[in-house]
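Engineer: Next come the chains, spelled out residue by residue.
Number of protein chains: 2
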Amino acid sequence: MSIADSATTSGAPARRGRPGYDREGLLAVAVQLFNEQGYDATSVADLAKRLGLTKSALYHHFSSKEELLAVALEAALGGLEAVLDEPGAREGAASDRLRHVLTGATDVLVAQLPAVTLLLRVRGNSAVEQAALERRRVFDHRVTGLVAEAQAEGSVRDDVDAAVAARLLFGMINSVVEWYRPGGSVDGDRLGADIVRIALDGLRTA
Amino acid sequence: MSIADSATTSGAPARRGRPGYDREGLLAVAVQLFNEQGYDATSVADLAKRLGLTKSALYHHFSSKEELLAVALEAALGGLEAVLDEPGAREGAASDRLRHVLTGATDVLVAQLPAVTLLLRVRGNSAVEQAALERRRVFDHRVTGLVAEAQAEGSVRDDVDAAVAARLLFGMINSVVEWYRPGGSVDGDRLGADIVRIALDGLRTA
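One line per chain: the protein sequences are A and B, in this order. Numbering-wise (full-length UniProt numbering), the first sequence opens with residue 1 and increments by one. Numbering-wise (full-length UniProt numbering), the second sequence opens with residue 1 and increments by one.
Keep in mind the hints are simulated off the structure, nothing from the lab. Keep in mind that the hints are not guaranteed to be accurate.
Some chain A residues well away from chain B (every beta-carbon gap over 12 Å; in silico) [said to hold, decoys possible]:
(1) GLU36
(2) TYR59
(3) GLY78
(4) GLY145
(5) ALA165
(6) ARG167
(7) LEU169
(8) TYR180
DEER-style ranges, computed between Cβ atoms [claimed, not checked]:
(9) ARG142/A / GLY154/B: 19 to 25 Å
(10) ASP107/A / ARG121/B: 35 to 41 Å
(11) VAL138/A / GLU66/B: 29 to 35 Å
(12) ARG123/A / ARG142/B: 29 to 35 Å
(13) GLU153/B / ASP96/A: 45 to 51 Å
(14) GLN130/B / ALA93/A: 15 to 21 Å
Partial chain B-side listing against chain A, Cβ under 10 Å, derived [unchecked claim]:
(15) LEU47
(16) GLU81
(17) VAL83
(18) ARG99
(19) ASP189
The beta-carbon is built from N, C-alpha and C at its ideal position, and this holds for glycine as well.
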């Protein structure tokens with residue numbers, strides 16, 4: 001996500017007619033602020049201040065704080081749901097499809113880190129948040145179904161409950177938002193493969 | 001943690017001389033409220049209201065909101081650190097010690113669910129929180145060291161970075177606070193074994 005006019009990032013008010021952010025750049029700053037201080041605790045005035053915009057300039061791009069939340073959550077959820085609809089998640093052995101979903105979901109998380117971080121902190125305090133939680137439940141249910149299919153085909157152990165396994169796998173994936181930082185010492189492109197190594201093959205060699 | 005006088009849980013003010021909670025029961029209610037609405041957003045007045053106590057009755061047990069936080073974080077961190085000091089974490093093959101730590105940490109999390117939940121939400125906004133984050137870092141560092149030892153002895157695969165593996169393993173363990181509820185359909189006593197199965201042996205059968 002790019003910021004159209006980097007001169008406004010200093011926090012100086014943009015008083016000329018044309019706002020310094022495009023819609024995408026504005027959204028990126030909003031999501032960052034929501035993640036820093038919490039969505040509920042962030043006012044439109046806080047957001048305008050961080051952006052160096054007037055509230056009316058902000059409303060030129062988004063009708064409400066909730067619209068910003070909805071667009072950000074759509075980016076995260078839409079990305080994750082798209083993985084489940086890819087051919088690699090729909091065709092072939094269930095264990096291969098599970099591998100595809102684990103890798104793909106990790107890649108979405110790394111690519112959409114701020115939006116997924118926001119999604120994982122949603123607690124259901126509004127209709128937009130409730131809808132996001134419901135989509136997360138449907139996603140989890142589909143992953144559980146995939147684990148159960150892999151157990152039924154005999155390629156995944158069945159001494160761990162499929163729903164528990166799905167939650168633990170996504171616990172591992174979702175934890176990435178807590179400690180991964182782009183440009184740091186950990187290579188984000190490798191994380192999906194690392195998670196698959198642990199989840200499917202296990203750490204132990206002998 | 002028990003509540004000494006269940007009559008006060010209705011929220012009715014306790015106006016008689018003797019407060020309705022012992023120290024432990026009061027702490028349990030405080031931790032629950034912190035987890036519900038956030039530590040920073042919870043005032044001593046909120047807490048007194050939830051407990052049905054006057055603020056002065058509350059201060060009879062705890063000197064400040066921060067003392068409540070400190071005691072709760074000590075229960076969580078002390079429990080986790082104790083696992084690393086058990087004989088099973090200090091003697092024998094590194095892969096067996098790692099198994100002991102994963103199981104023991106999961107058991108602490110299940111037993112101390114509210115306190116560990118609070119610990120995992122700490123963001124470092126005070127000296128107490130900073131100290132807790134530092135102890136978490138030391139804990140993570142010791143787990144990373146154990147993974148590296150197991151890699152050096154050849155019992156754990158070395159194509160995943162030890163620090164990344166430690167973070168992913170504890171991502172799986174810590175996720176339990178997000179979805180495990182005592183008395184629900186998932187058996188908390190089995191979770192440690194399930195996590196070890198996935199982490200060390202992997203889900204795949206073939």
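Engineer: Run every hint past the structure and note whether it holds.
Structural biologist: Do the hints match the structure? See the list:
1. GLU36: 9 Å, violated
2. TYR59: 27 Å, holds
3. GLY78: Given that every Cβ of chain B is farther than 12 Å from that of GLY78/A, nearest at about 22 Å, it holds.
4. GLY145: Holds: least Cβ distance 15 Å, greater than 12 Å.
5. ALA165: Contrary to the label, ALA165/A does not stay out of reach of chain B, its closest Cβ about 6 Å off (not over 12 Å).
6. ARG167: 5 Å, violated
7. LEU169: 8 Å, violated
8. TYR180: Incorrect as stated: the minimum Cβ-Cβ distance to chain B is 8 Å, not above 12 Å.
9. ARG142/A / GLY154/B: 19 to 25 Å: 38 Å, violated
10. ASP107/A / ARG121/B: 35 to 41 Å: Since the Cβ atoms of ASP107/A and ARG121/B sit about 27 Å apart, the hinted range of 35 to 41 Å is violated.
11. VAL138/A / GLU66/B: 29 to 35 Å: 41 Å, violated
12. ARG123/A / ARG142/B: 29 to 35 Å: 32 Å, holds
13. GLU153/B / ASP96/A: 45 to 51 Å: 32 Å, violated
14. GLN130/B / ALA93/A: 15 to 21 Å: Violated: the Cβ-Cβ distance is about 49 Å, outside 15 to 21 Å.
15. LEU47: Violated, about 19 Å.
16. GLU81: 20 Å, violated
17. VAL83: 18 Å, violated
18. ARG99: 9 Å, holds
19. ASP189: 13 Å, violated
When the structure is compared with the earlier hints, violations turn up for hints 1, 5, 6, 7, 8, 9, 10, 11, 13, 14, 15, 16, 17 and 19 and for no others.
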